[in-house]
Amino acid sequence: MAKKGWDEFEIGAMLRTFDGKIDDIAGTRQEDRAYSQNSSYTASVADWRLIKPVFNKDYCIDCQFCWIYCPDVSIVSRDKKLIGVDMDHCKGCGICVEVCPTNPKSLLMFPEQADEETEIANWPKKDEGEA
Amino acid sequence: MSEVKNIKNLKEFSTSADRFEGANLLCPGCAHSIIVREVLNATNDDLILSASTGCLEVCTAVYPYTSWDASWIHIGFENSSTAVAGAETMYKALKKKGRLKQPERTPKFISFAGDGASYDIGFQWISGCMERGHNMMHIVLDNEVYANTGGQRSSSTPIGSSATTTPAGKISYGEKRNKKDMMSIMAAHGIPYAAQVSPNKWKDMVKKIQHGMAVDGPVFINAVSPCTTEWKFDPKDTMNIADLATDTLVFPLYEIIDGRELNITYRPKNVIPVEEYLAAQGRFKHLFKDEYKYLIKEWQERVDEKWAYLQRREEARV
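Sequences listed follow chains U and F, in order. Counting in the working numbering, the first sequence runs from 554 upward without gaps. Counting in the working numbering, the second sequence runs from 2 upward without gaps.
In case anyone wonders, no lab produced these hints; they're calculated from the structure. Each hint should be verified, as a subset may be incorrect.
[Said to hold, decoys possible] Not everything, but these chain U residues come out facing chain F in the computed CB check (under 8 Å): (1) L568; (2) R582; (3) Y594; (4) P624; (5) K633; (6) C646; (7) W676.
[Claimed, not checked] Derived lysine-lysine pairs resembling DSS-like cross-links, with alpha carbons at most 30 Å apart: (8) F/K237 to U/K633; (9) F/K12 to F/K181; (10) U/K634 to U/K574; (11) F/K270 to F/K181; (12) F/K204 to U/K610; (13) F/K208 to U/K633; (14) U/K679 to F/K237; (15) U/K634 to F/K237; (16) F/K97 to U/K574; (17) F/K237 to F/K290; (18) F/K298 to F/K237; (19) F/K307 to F/K290; (20) U/K658 to F/K237; (21) U/K679 to U/K610; (22) F/K204 to F/K6; (23) F/K202 to F/K307; (24) U/K610 to F/K12; (25) F/K202 to U/K610; (26) U/K634 to F/K6; (27) F/K204 to F/K237; (28) U/K679 to F/K202; (29) F/K307 to U/K658; (30) F/K202 to F/K298.
The beta-carbon is built from N, C-alpha and C at its ideal position, and this holds for glycine as well.
So here's chain F without its partners, still in its complex pose (with noise of 0.2 Å):
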C-alpha cells in the first residue's frame, strides 16, 4: 500500500475515489475543496488529517455531519499542526514497541489551516513541527484574508487589498504592508521540502505532495486558494482567477528543497501583465482610480523583482 500512487494523466486520476464529500457548506466555486481533493486523491494511503479554525473547518464539520471519508481532526485555530504532529509521534511510538495492527500500513500525516491560522495565528505551532522534525505535511489554504469571520487582513494580505479592517476609501488604498514571505521563512527551518502549489496545476501540485508525502520529515504546501467571497468575483472564475495567479507570476510555483535548492516548476509561456489579475478582483478595484494607479506600477515591479530573485537563487542553487 505505500507505493506512489501512479498518476500520468487526468483521466488515470479520474478513477480516484474521492475521499472528500460533497454537501459541505463552502461558498459555491470556493477553491478550499478543489485543493483538498487533489491533495486526497494524490495518494491510496490512509490518512491523518486535521484542519484549523477557518472556512475549512467550519464547513465540512458542521454537527451532525461529517464530510471527511478519513480520519480527522479539529481542536483550535492554532494547532492544527501539532495535532497531527501528535498523532504521528504516537504512531512511532506504538510502531517502535510493536503494537500496531496492522504495521504494514503506512498512514500519511497532513494538517490543513487557512492562511490566518498559518502565517499569524498558528505560526509558532507550525514552526515548533517543522523544527521537531515531525513526518507531515502542512498545507496552507492561502486565500489572503480571515474569509471565515468576514474578511478581515491577515499578513497574508497583499498590498491594496481592500480587507474590512483595511478598507479602501477617501484616505486609504487597503492594506499597506506586504505579504509574509512564508515560503522563505519556512524553508530557512531547513525542512527537506517546502512548495507553493496552485489548485490549477493539478498535476504540478500532485507531483508535488506526493514527492513531499515520499521525504522523511516536515513538508509545507503554501497553495494559493481563490476566495469567490473576499477577493469579489463570480464563483465560476475560480480557475480563471488561479490561473492569473500563476501566469501573472503574482504566485510563482516553486519547490525549496532542504531548504537550500530552488526549483522553479512553472515557467509560464506568455507572462501576463499583474494589472489583468488586479482588474479581474474587486478586492483591487480602487487601485484603477487615477490617484492609486501608481499602485500598479509598484505591484509589477514587486513582481517582477520576485521573479528575478527566483530565477537567480535557482541558478545558483545556494
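Next up, chain U with everything else stripped away, as it sits in the complex (with noise of 0.2 Å):
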C-alpha cells in the first residue's frame, strides 16, 4: 500500500492485518503470522517506557499472572512457560510486576538503561518479611 498524505483520505479507509491468507488464526502463533505493514504487531511503542520490567527466569513458576494482566500483549508464553518480554510493545507500566507471585518477584522493573544481566546477577534476596 502507497503512504498517503493526511489529507489524501478515503472516506472509508480498509486496512489489511496479514499479507496473504490465514484460515485459523486463532490456531496460528504470533511469529508464524505474515503481518502486514498496516499491522500494529509491525510498530513498537518501545520509547514511550522510561523503566523496564526485567525477567528472571530462576525465579519463575509459570503462573502466567503476568500473561493475562498484561495490557500491551508483551509477556510471551509459549507452550505454558514464559518466555520472556517483549520490548517493542511494553510501554513500562509495571502491573507484570506488581501481579507476581513469587518472592522474591520473578519479575522486576529497572530504568530503562540498566544492563540486563548485572541486574539478573545481583537479584534481590528472598523478602523473609517480618517474624
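Dock the two chains into a complex; use the hints.
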C-alpha cells in the first residue's frame, strides 16, 4: 500500500492485518503469522518506556498472571512457559511486577538504560518479612 | 470449530494466540486492552467486532495501523452495537440462502463501547439491539468517565467523583448524581444474559463470556475498566484498583439470566471498606476533607444497600 498524506484520506479505509490468507488465526502463533505493514504488531512503542521489566526465569513458577494481566500483549508465553518480555510493545506500566506472586519477584522494573545481565546477577534475595 | 474452548486454568489459557496486538496507543496500564484480550482469548471462533468512538477505538486504529487481527469495524460514536447487529443480520440472511462459503464456521459478533457510548450516546441503539434479539454481545468498558475527550462526566460517573465538567472545589464535591444502573435496564429487556465482570477475575470473566457466546440472543456485559489517567492512580496499580472494586463490592460481580434469575458469582472472603477504594484514587481525594467526609459514609451505605438488594434478589429468584 502506498503511503498517503494526511489530506488524502478515502472516506472509508480498510486495512488488512495480514499479507495473504490465514485460515485459522486463533490457531496460529504470532511468529507464524504474516503481518502486513498495517498491523500495529510491526510498530513499536518502546520509546514510551522510562522503566523496563526484567525477567528472571530462576524464580518464575509459570503462573501466567503477568501474561493475562499484561495490557500490551508483551509477555511472551509458549507451551505454558513464560519466555520473556516483548520489548517492542512493552510500555513499562509495571502491572506484571505488581501481580507477580513469587518471593523474590521474578519480574522487576529497572531504568530503561539498566543492563539486564547485571541486574539479574544482583537480583534481590528472598524477603523473609517480619517474623 | 464451534465448540467451546476448554479453559481450566491460567496455564492452559496462556496457550491462546492473541488476536489483539500491542503497540496500540492506549495509556500504559490501561485496563481496556486487558479486558479485550480476555474476551478475545475466550474463544477460538471467528470474530466480527466493532468499537464505538472512545479510547479503545482511537488507540487501536490509528491510520495506517490496526491492532486487530479479526474483522473489525468502526462507524460512529453511538452505533457499534448496530454495526455488529447489521453484520449479524446479513450473516443470517446469507446462511438462509445458502450463500455462505464456509457455513461450518460460526463467527461471534461482539461490539465494544465505552461507558459514554453505552450509558449516554449509544443508549437508544443498544436498547434497539437488545429488543430486536440479535445474536450478539455488547461489552461496555466502563471507566465511569469520557476518558478519550479529557474526562467529562458520563451518566456512569459515581457520586463524589471529580470530572472535568463536575470539578470538585470550594462549592462542590464533584459529580452529584448516582451512577445509572445499566445492568437492571438491560436485564429489563428480557435478554437471555446480562453480566457484570471485572478484568482481575479472569476466570469469572471467561466463564461469563463463554456462556454469553453460547446463548442464542443478545448479551450485555458490563466490565469495570480502571482508568489510570482519569481515576488518577499509578499505572502499575490497575489490577489492585480492580481488586478493590470487586472486594469492596463497589462493583459486585453478578449475572442476570432471562432478565429474572440473578446469580452473584463472586463473594469476597473479606469485604473491604469502601473508604479504601476511594482513598486509592485521585478523583475522590477531596472526599477526605472534613466537610465532605459524610459522603464516604453515604457511599458505604449505598454499597451495602445494593449488596443486600442483590442477595435478596438472588434468593427470591425473581
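So, going through the hints one by one against the coordinates:
1. L568: Holds, because the Cβ-Cβ distance from U/L568 to chain F comes to roughly 5 Å (cut-off 8 Å).
2. R582: It holds, given that the least Cβ distance between U/R582 and chain F is near 5 Å, below 8 Å.
3. Y594: 4 Å, holds
4. P624: 4 Å, holds
5. K633: This interface hint holds because 4 Å falls under the 8 Å limit.
6. C646: 4 Å, holds
7. W676: Given a least distance of 19 Å, the restraint on U/W676 is violated.
8. F/K237 to U/K633: 24 Å, holds
9. F/K12 to F/K181: 37 Å, violated
10. U/K634 to U/K574: 29 Å, holds
11. F/K270 to F/K181: Roughly 27 Å separates the two Cα atoms, so the pair holds.
12. F/K204 to U/K610: 25 Å, holds
13. F/K208 to U/K633: With a Cα-Cα distance of about 20 Å, the restraint between F/K208 and U/K633 holds, given a limit of 30 Å.
14. U/K679 to F/K237: With a Cα-Cα distance of about 22 Å, the restraint between U/K679 and F/K237 holds, given a limit of 30 Å.
15. U/K634 to F/K237: Distance ~23 Å between U/K634 and F/K237 Cα, so the pair holds.
16. F/K97 to U/K574: 26 Å, holds
17. F/K237 to F/K290: Satisfied, since the Cα-Cα distance of roughly 26 Å is no more than 30 Å.
18. F/K298 to F/K237: 28 Å, holds
19. F/K307 to F/K290: 26 Å, holds
20. U/K658 to F/K237: Holds - the C-alpha atoms of F/K237 and U/K658 are around 15 Å apart, at most 30 Å.
21. U/K679 to U/K610: 15 Å, holds
22. F/K204 to F/K6: 13 Å, holds
23. F/K202 to F/K307: 20 Å, holds
24. U/K610 to F/K12: 16 Å, holds
25. F/K202 to U/K610: With a Cα-Cα distance of about 26 Å, the restraint between F/K202 and U/K610 holds, given a limit of 30 Å.
26. U/K634 to F/K6: 20 Å, holds
27. F/K204 to F/K237: 21 Å, holds
28. U/K679 to F/K202: At roughly 28 Å apart (the allowed maximum being 30 Å), F/K202 and U/K679 satisfy the hint.
29. F/K307 to U/K658: 38 Å, violated
30. F/K202 to F/K298: 27 Å, holds
Hint violations for this structure: numbers 7, 9 and 29, all remaining hints satisfied.
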